[in-house]
Amino acid sequence: MGARRLSLPRGIVLPVILLAVWEIAAHAAKSGGVLIAPIEQVVGSAVAMAVSGTLWTDTGFTVARVTVGFIGGAAGGLLFGSLIGTSRIADRLTSPSFHAVRQVPLTGWIPLAALLFGIGEGAKLSLIALAAFYPVALNTAEGLAGVPHGYRELGRALNFGGFTAWWRILLPAAAPQIFTGLKHGLAFAWIAAIAAELMLTSGSGLGTTIESGASLARLDIVMVGICLIGACGYIMAVGAERIEARVLRWREEGR
Amino acid sequence: MNVHIDEDRLMHGRSDVRPAGISVQLDHVSKSFNIKGRTLPVLRDISLNIAPREFVVIVGASGCGKSTLLRLIAGLDKTDSGEVKIDGRNIEGPGLDRGIVFQDHRLLPWLTAEQNVAAALIPLGVSKAERLAVARRCLAQVGLAGFESALPAQLSGGMAQRAAIGRALANDPAVLLLDEPLGALDALTRLKLQNEIADLSVNNPKTIVLVTHDIEEAVFFADRIVVMDASPGRIRKIIPVDLPRQRDRTGADFVELRRQVLREFVDDSH
Amino acid sequence: MSHTATAVDGEGREPAVLRRVRHYAVTIGAGLLLPVLSIALWQVAAQLQWTDSQILVPPSVVAATIVEFCQSGELPLDIAVSVRRVMTGFAIGGALGFTFGIAAGLDRRVEAFAGPTFHVLRQIPVMAWLPLLVLLAGFGETFKILVIALAAFFPIGLSTLDGVKNVSSKYFDVGKALCFSHRDTLFRIVWPAALPDILNGLRLSLSRSWMLVVAAEIVASTNGIGHRMDWGRQLFQIDIVFMGVLTTGLIGLLFDLVLRRVARSAVAWKGIR
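Residue numbers (the working numbering), protein chains in the order written: chain A, 436 to 690; chain B, 4 to 273; chain C, 6 to 278.
In short, the hints are calculated from the structure, not lab data. Honestly, I wouldn't trust all of these hints.
Unchecked claim - Here are the simulated DMTMM-like cross-link-like pairs (lysine to aspartate or glutamate), alpha carbons at most 20 Å apart as the crow flies: (1) B:K240 x B:D30; (2) C:K181 x B:D48; (3) C:K275 x B:E151; (4) C:K175 x B:E183; (5) C:K181 x C:D112; (6) C:K175 x B:D226; (7) B:K81 x C:D244; (8) B:K131 x C:D112; (9) B:K81 x B:E133; (10) B:K81 x B:E57.
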């Protein structure tokens with residue numbers, strides 16, 4: 436789910452070819468039912484949207500939803516994961532239900548959410564939070580449970596109290612895995628945000644824009660939306676990796 | 004590719020039919036590596052003649068390029084200048100005439116012991132059943148009878164290294180290369196395997212080049228000891244050894260030789 | 006293993022078998038506690054009309070609906086349709102992703118040319134392509150298969166690429182030293198070494214595909230589980246929606262279990278410690 440360093444010179448060839456094909460198809464297929472918007476039209480729409488401000492509001496709304504939803508879901512995931520990662524009783528009681536509910540794909544919850552919460556912000560945010568919750572909870576639980584026995588013994592040997600052991604040994608030891616969970620959670624939150632906006636069409640957002648653009652058969656708007664989604668997703672992923680690298684400086688292995 | 008396989012011996016284990024032995028020659032070999040834009044000279048102008056069926060041990064500190072030298076003989080890397088000749092001919096990469104044992108056994112973890120040894124016979128094009136039959140014989144020779152179906156993860160370090168030696172011997176190469184083969188083992192297992200390798204060199208004569216940083220090991224094995232300097236790697240001295248292959252570690256000759264070799268290293272520790 | 010320990014100090018000790026049975030009973034019991042309580046609470050709440058009866062339909066009604074739809078054959082048909090779509094799209098996308106992963110993993114030039122495009126496109130959630138694909142491909146089967154293939158392509162492509170690239174150079178050394186042909190190296194070294202990662206990617210791909218078939222069916226379909234759920238939503242029949250939720254969860258679980266089984270036997274060598 437991470438970002439990579441891209442090799443620019445030869446990597447450009449393929450996109451250029453694809454864009455060229457797109458451009459040719461756009462100008463050729465004037466009839467045939469589908470109007471493929473040529474690249475200049477896409478760029479033009481992008482500029483128009485930027486100028487009119489809709490570009491920024493859409494992006495802003497989506498990013499805001501992702502952030503809020505992610506924080507909520509991740510917080511819940513951290514708490515729940517810590518619980519089942521450290522307490523065997525809690526694990527026994529809640530794990531089966533947790534894993535069972537996890538099997539339902541995200542999109543499977545959307546009709547239910549729509550029915551229960553309508554198509555407003557509540558439904559969207561709950562979906563985003565749910566999407567972030569699972570990976571974070573799972574990885575936190577695994578991370579904490581997987582702290583090597585040797586480290587726990589060390590805590591006892593050094594006479595660390597409960598909280599000290601948790602703060603100075605368990606948490607840092609589990610941190611790499613927890614961060615993996617957070618990164619996955621962010622990626623899923625992003626997907627959930629788009630899905631929610633696509634199917635619960637109310638309010639502004641990148642997903643909603645794409646949906647309305649498609650309903651108007653405006654491929655150019657759709658393309659602008661897609662590009663923005665890709666760009667935002669990438670920036671978020673890179674940001675997450677930077678933060679992780681900073682916090683986990685002590686880790687020697689790269690991945 | 005030089006192929007010195009005796010099919011008869013492979014299939015029927017006859018020990019009276021042997022290849023005559025092969026020489027290894029290094030002619031002004033140099034090699035450097037590029038690390039982050041800087042060129043690191045690892046070997047400079049190495050020349051060495053190894054006679055057929057001779058047991059040569061290259062000894063030196065870490066970083067003196069001895070492993071690189073072995074890899075060049077094996078054909079896994081190419082020289083920057085100079086030639087590596089096997090049986091008088093320049094080599095072009097690895098060949099079935101040479102078998103190599105790595106320090107970390109490098110058994111393929113998804114294959115059993117016998118499958119790992121049998122893998123050495125794949126390029127020969129023999130059938131799977133024949134490969135496994137030969138493999139089982141090789142495993143017995145290295146003392147792993149009964150462990151044919153074990154996965155590498157289930158073998159101890161010593162056992163895994165034995166299997167690796169079995170694999171290197173499976174297609175009966177004329178040259179055997181060993182890159183610090185016992186370095187990862189505990190002292191007791193090391194002693195045991197040293198004896199077994201010495202026995203092997205008598206019962207199954209080959210041209211053997213072994214690389215080590217252990218002076219004792221060098222004195223135990225070698226017909227000639229090649230002492231190497233580090234940065235860049237050069238041959239400092241070649242010490243001939245006139246002892247029988249299976250030698251007494253506590254004998255006076257042995258101890259004297261050890262002292263001689265030790266002096267090469269301890270002397271310039273400043 | 007199941008021997009009866011005789012008492013030394015007069016205190017009876019239960020045989021190991023009984024202990025194991027009790028252990029399982031406790032584990033399963035503990036696990037079922039929460040769901041059973043929740044369902045019971047739900048049933049009570051619905052019957053006592055604590056909330057709007059249209060919103061909170063009691064589990065009994067949901068169960069009845071499931072039975073009804075099974076008997077009429079509609080549910081099995083929905084399931085069959087959705088699963089068939091997933092399988093087709095998964096096969097196509099998976100094959101393409103796998104090919105890409107192998108090619109780019111083994112050949113630096115391929116990676117240099119196709120890699121950046123792959124990684125950039127990977128950042129876009131497949132969900133975002135839905136409206137575009139509807140515009141271009143219409144509402145038919147092609148659209149759905151395309152969506153699923155796209156969903157399967159990226160995780161498999163990425164994990165195959167990573168799996169192949171991560172094959173340790175040490176193993177390549179072994180192949181070289183043993184004079185393996187290119188074909189032998191590919192099948193006997195690259196494939197087994199990369200298999201664990203590839204299988205992980207398969208699992209991820211399948212769950213993504215399943216997620217997206219539901220989405221595609223909600224957006225543009227006249228049959229399938231996703232469509233059934235959306236239909237239930239439009240009719241305000243929450244029992245139908247719940248039925249869909251349960252079904253998708255169950256099928257998702259089955260997919261995951263099957264792949265996990267395959268993984269465990271195919272990569273048995275890794276589990277042994």
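So, going through the hints one by one against the coordinates:
1. As the CA atoms of K240 (chain B) and D30 (chain B) are separated by approximately 17 Å, the hinted pair is consistent with the 20 Å bound.
2. For the hint linking K181 (chain C) to D48 (chain B), the alpha-carbon distance of about 26 Å lies beyond 20 Å, and the restraint is violated.
3. For the given pair, K275 (chain C) sits about 18 Å from E151 (chain B) by alpha-carbon distance, which is consistent with the 20 Å threshold.
4. Annotation: proposed proximity of K175 (chain C) to E183 (chain B) holds, straight-line Cα distance about 15 Å (limit 20 Å).
5. In summary, the hint linking K181 (chain C) to D112 (chain C) is supported, as the alpha carbons are separated by about 17 Å, within the 20 Å threshold.
6. A C-alpha spacing of about 30 Å is found between K175 (chain C) and D226 (chain B), which places the hinted pair above 20 Å, so the restraint is violated.
7. Of the supplied pair hints, the one linking K81 (chain B) and D244 (chain C) is violated, its CA atoms being roughly 71 Å apart against a limit of 20 Å.
8. A threshold of 20 Å between alpha carbons decides the hint, and for K131 (chain B) with D112 (chain C) the separation of about 30 Å lies outside it, so the pair is violated.
9. As the CA atoms of K81 (chain B) and E133 (chain B) are separated by approximately 34 Å, the hinted pair breaks the 20 Å bound.
10. Between K81 (chain B) and E57 (chain B) the alpha-carbon distance is near 24 Å, which puts this suggested pair outside the 20 Å criterion.
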